[in-house]
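Asker: As you go down the protein sequences, you meet chains A and B in turn. FYI, the UniProt record's numbering numbers position 169 of the first sequence as 169, with every residue one higher than the one before it. FYI, the UniProt record's numbering numbers position 87 of the second sequence as 87, with every residue one higher than the one before it.
A hint or two may mislead.
Remember, identical chains collapse to one label, so a pair may be satisfied in a single copy or spanning two.
Derived DSS-like pairs: lysine-lysine, alpha-carbon spacing no greater than 27 angstroms straight-line [stated by the list, open to error]:
1. K100 to K13
2. K13 to K126
3. K100 to K213
4. K100 to K47
5. K13 to K78
6. K126 to K78
7. K13 to K47
8. K78 to K8
9. K8 to K100
Think of the hints as simulated: they come from the structure by calculation, not from any bench.
Protein chains: 2
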Amino acid sequence: MLTVALPKGALLKDSIRLLQSVGLDFSAFLDSSNRQLQIQDPTGTAKALLVRAHDVPVYVEYGQAQLGIVGYDVLREKQPQVAHLIDLGFGLCRLSVAVKQSSPYRSALELPPHGRVASKFVNCAKDYFDSLDLPVEIVPLYGSVELGPITGMSEAIVDLVSTGRTLQENGLIEIETLFTSTARLIAHPLSYRLNTGNLHQLVEQARAAILTKV
Amino acid sequence: MLTVALPKGALLKDSIRLLQSVGLDFSAFLDSSNRQLQIQDPTGTAKALLVRAHDVPVYVEYGQAQLGIVGYDVLREKQPQVAHLIDLGFGLCRLSVAVKQSSPYRSALELPPHGRVASKFVNCAKDYFDSLDLPVEIVPLYGSVELGPITGMSEAIVDLVSTGRTLQENGLIEIETLFTSTARLIAHPLSYRLNTGNLHQLVEQARAAILTKV
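For reference, chain A alone in the conformation it holds in the complex:
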């Protein structure tokens, strides 16, 4: 039986809607009283795992799930050994550099050498500043990255921005965009190559469903 790893949080609703359009119903995960992390489609053709976004590629990489849906941001940060199949279009956001509105910096290259940049996306931030040849110290944080510049711990942050509301509420402004991100359908490479559980057909149906919407 096919297993699909689905991400908790912002992408869940659209992910479930996409799977419904190819005949798989995992809407039980949207029920607020649901405590199960593993459910079966009512037709008995597939199973879904409900996991943290960062864990989706792990389950797919180890082959415990043949398919997964996760943001491009997570794929860029973790570089897992998975096949990238389809850009699903939803979950649009961007990874940006932001600073305090009151700071004198208006581009990444103006940031002071050996300054500090707080981020949950340590690898993306490091690669970006390396590509600019600007030495900075990355401060790894788990949450509320905007506190970095507010408390004075860091000159800047590298964080995901969708509406920009959090930045605005905290007196921060974006000065650069590293990349934009959307949800992606990923697969376990070997399962995809061997067409385990007729994976190809499902992927083509998903591709068609996405195209119809556009």
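The hints should help you fit chain B onto chain A, whose structure is shown.
Answerer: What follows is chain B alone, placed relative to chain A:
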């Protein structure tokens, strides 16, 4: 002004109660409508930051907070350069090895060499199995670690256990305890040495408050 970093989640209520007993009131953080991550004590003598548990030692290490409250589990995992001042007693839990009830393993040493162990506590798990001289592959997960053995991705997990209810609900049993954990008061080493903002007095008051309770 002194700044204290407080952890979101399970330790917050007891942390705020402790600070109240030494004259600092940050109970505004317990108001469910609160969205602020930084508040000042009504007497104007100290400030508190509300951050993720794993970020508490970061703010203290960089000196953005002179004091912090965080679980010993986080300190063991991250090994930050902070001064460990007081065992606060609350937030008791343990980091344990657990397996499926139906598995044949009843001690860590019975686990198969080169098996897989899923954990959020990658460093603690690695150190533990190294100390047993048992080679295992640690699978890093962000949440719902119990899915590791359930999906068959890993033979075992290393995870925090407090009541044991999550393990039980998922058909898992503890077979080893790595260490027990409680909340700790930590300080920025230099601030503590220099007695910034009369830190020592506050720490002694906290120590007395803890002793009175015992």
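Asker: My question is about K13 and K78: at a cut-off of 27 angstroms on alpha-carbon distance, are they close within one copy, between copies, both, or neither?
Answerer: within (23 angstroms within a copy, 34 angstroms between copies)
Asker: Between copies, within a copy, both or neither: which fits K100 and K47 at Cα up to 27 angstroms?
Answerer: Only across copies: K100 and K47 sit 20 angstroms apart there, 45 angstroms inside one copy, limit 27 angstroms.
Asker: At most 27 angstroms between C-alpha atoms: does K13 with K47 qualify within a copy, between copies, both, or neither?
Answerer: Answer is within; shortest intra-copy Cα gap is 17 angstroms, inter-copy 39 angstroms.
Asker: Indicate which option fits the pair K126, K78 if close means a Cα-Cα distance not exceeding 27 angstroms: within, between, both or neither.
Answerer: Both ways: K126 and K78 sit 13 angstroms apart in one copy and 20 angstroms across, limit 27 angstroms.
Asker: Between K100 and K13, at a C-alpha cutoff of 27 angstroms, which is it: within one copy, between copies, both, or neither?
Answerer: Close neither inside one copy (33 angstroms) nor across copies (31 angstroms); limit 27 angstroms.
Asker: Between copies, within a copy, both or neither: which fits K100 and K213 at Cα up to 27 angstroms?
Answerer: This pair counts as neither: shortest intra-copy Cα distance 39 angstroms, inter-copy 44 angstroms.
Asker: For K78 vs K8, is the C-alpha pair at or below 27 angstroms within one copy, between two copies, both, or neither?
Answerer: Cα proximity of K78 and K8: in one copy and across copies (17 angstroms, 26 angstroms).
Asker: If the cutoff is 27 angstroms on CA atoms, where do K13 and K126 land: within, between, both or neither? Let me know, please.
Answerer: Answer is neither: 32 angstroms inside a copy and 36 angstroms across each miss the 27 angstroms cutoff.
Asker: Within, between, both or neither: how does the pair K8, K100 come out at a Cα-Cα threshold of 27 angstroms?
Answerer: between (31 angstroms within a copy, 24 angstroms between copies)
In this structure, the earlier hints numbered 1, 2 and 3 are contradicted, and the remaining ones agree with it.
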